[in-house]
Amino acid sequence: MSSIATKAPKIGHIPSLNGLRAIAIGIVVWAHAHFPGHLAGGLGVSLFFFLSGYLITTLLRAEYDRYEKISFSDFYKRRALRIFPPMYIVIAMVILLSLVGFLPNTMTAGGAASTALFLTNYWIITHGHEGVPAGLGIFWSLAVEEHFYLVFPLMYVAMRKWLPKRAHQVSLLLGLCFIVLAWRIFLWMNGASGPRLYYATDTRMDALLWGAILAIGFNPVYGEARLPSRPWAGTAIVIASAAAFYASSKIPGQFVIGFTIQSIAAFGIFVPLILAPKSRLGRLLNWKPIAWIGVISYSLYLFHRWLLEAAEFWAPDLGALGAVCAIVCAVLLSWAMRAWVEKPLARRRKQLSRVGESSVTPQLSGVTSESPAKPAEEPAAG
1 MSSIATKAPK IGHIPSLNGL RAIAIGIVVW AHAHFPGHLA GGLGVSLFFF LSGYLITTLL
61 RAEYDRYEKI SFSDFYKRRA LRIFPPMYIV IAMVILLSLV GFLPNTMTAG GAASTALFLT
121 NYWIITHGHE GVPAGLGIFW SLAVEEHFYL VFPLMYVAMR KWLPKRAHQV SLLLGLCFIV
181 LAWRIFLWMN GASGPRLYYA TDTRMDALLW GAILAIGFNP VYGEARLPSR PWAGTAIVIA
241 SAAAFYASSK IPGQFVIGFT IQSIAAFGIF VPLILAPKSR LGRLLNWKPI AWIGVISYSL
301 YLFHRWLLEA AEFWAPDLGA LGAVCAIVCA VLLSWAMRAW VEKPLARRRK QLSRVGESSV
361 TPQLSGVTSE SPAKPAEEPA AG
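Residue numbers (UniProt numbering): 1 to 382.
Keep in mind that the hints were calculated from the coordinates and are not lab data.
Since the model is a prediction, treat every value here as computed from it, not as a measurement.
Don't take every hint at face value.
Calculated lysine-lysine pairs in the DSS-like style (CA-CA distance at most 25 Å, straight line) [what the hints assert, rightly or not]:
| hint | residue 1 | residue 2 |
| --- | --- | --- |
| 1 | Lys165 | Lys278 |
| 2 | Lys77 | Lys165 |
| 3 | Lys343 | Lys250 |
| 4 | Lys69 | Lys350 |
| 5 | Lys77 | Lys278 |
| 6 | Lys77 | Lys350 |
| 7 | Lys250 | Lys288 |
| 8 | Lys250 | Lys161 |
| 9 | Lys278 | Lys288 |
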């Protein structure tokens with residue numbers, strides 16, 4: 001790793017990321033719909049965490065490389081425009097529908113406030129899901145990511161100033177990841193509950209930090225990662241990594257060592273799929289219908305759970321058919337949210353962005369995208 005900052009590429013469309021978002025939201029929705037397969041929804045959340053850490057850090061790195069500083073005000077304005085409007089619209093909808101009887105109403109003022117203040121994870125740890133508006137317990141992951149966004153840009157600038165070598169930055173982040181792992185082990189050995197290990201920011205932050213490690217130390221966009229020359233090697237790496245990623249949810253220590261295994265396995269999933277978008281798996285993830293699901297994944301995350309609960313509340317006998325109807329409604333509402341809320345605000349976010357104006361330079365990154373270059377989509381929480 002060079003001690004000198006690599007020339008910043010212009011961060012545009014990064015291949016396969018929307019496809020990976022689609023996989024993540026697909027896992028979450030499948031699990032919450034209780035479809036066959038016993039798929040752990042937490043696997044999808046872990047993918048979202050890793051992706052968010054990777055993409056946010058890539059954008060921070062490119063901005064600092066080009067301007068030797070980060071505009072914190074613009075960063076937090078972009079985050080607010082990306083996350084807040086859809087989230088608060090959904091919170092208002094759910095509270096209103098609960099008050100009129102369309103959704104089961106067990107919410108309390110404290111539980112509702114926790115969703116609006118990015119404290120749902122700690123509310124669930126201390127109170128359980130009781131009191132949280134119907135279907136909004138999933139906002140715990142938004143809380144974890146928002147806590148990361150509040151702290152990490154400041155930490156990143158500090159690393160660039162006082163640890164200019166990327167190897168030292170990676171070493172620091174690795175150390176923090178293993179401190180989080182050690183903290184989970186300590187809590188587990190001292191009788192911490194499953195919710196304490198699963199939902200807390202201090203026990204889940206490492207997934208985002210592992211994504212940041214990929215962005216700083218081995219970033220495909222910067223040409224810092226390479227695949228073996230064998231044409232089948234990338235696919236083999238993805239399959240083996242995906243198998244390890246899935247298996248981690250089945251081991252006894254899934255809430256302790258399992259989260260670390262998932263993050264390490266994510267390297268083997270992300271790098272080949274970003275570097276080889278024209279491979280069979282890459283073409284599948286970049287196929288427009290799948291990529292579109294990734295584009296609406298944030299809104300779909302916000303809508304799907306409470307619609308599934310509404311279907312269960314009103315038509316419990318429909319079972320899987322009711323779940324399918326709820327998911328279709330969630331997709332339609334997500335499309336509307338994307339068209340009428342997210343896209344207009346995306347234009348404003350683009351005005352605040354000093355990176356992402358055009359495509360990634362193929363000669364620099366080694367990445368060749370099949371689709372026209374578009375500005376990089378900053379991750380939403382969840």
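To see whether the hints hold, each was checked on the structure:
no.: 1; hint: Lys165 to Lys278; result: 33 Å, violated
no.: 2; hint: Lys77 to Lys165; result: 29 Å, violated
no.: 3; hint: Lys343 to Lys250; result: 39 Å, violated
no.: 4; hint: Lys69 to Lys350; result: 18 Å, holds
no.: 5; hint: Lys77 to Lys278; result: 35 Å, violated
no.: 6; hint: Lys77 to Lys350; result: 11 Å, holds
no.: 7; hint: Lys250 to Lys288; result: 32 Å, violated
no.: 8; hint: Lys250 to Lys161; result: 42 Å, violated
no.: 9; hint: Lys278 to Lys288; result: 14 Å, holds
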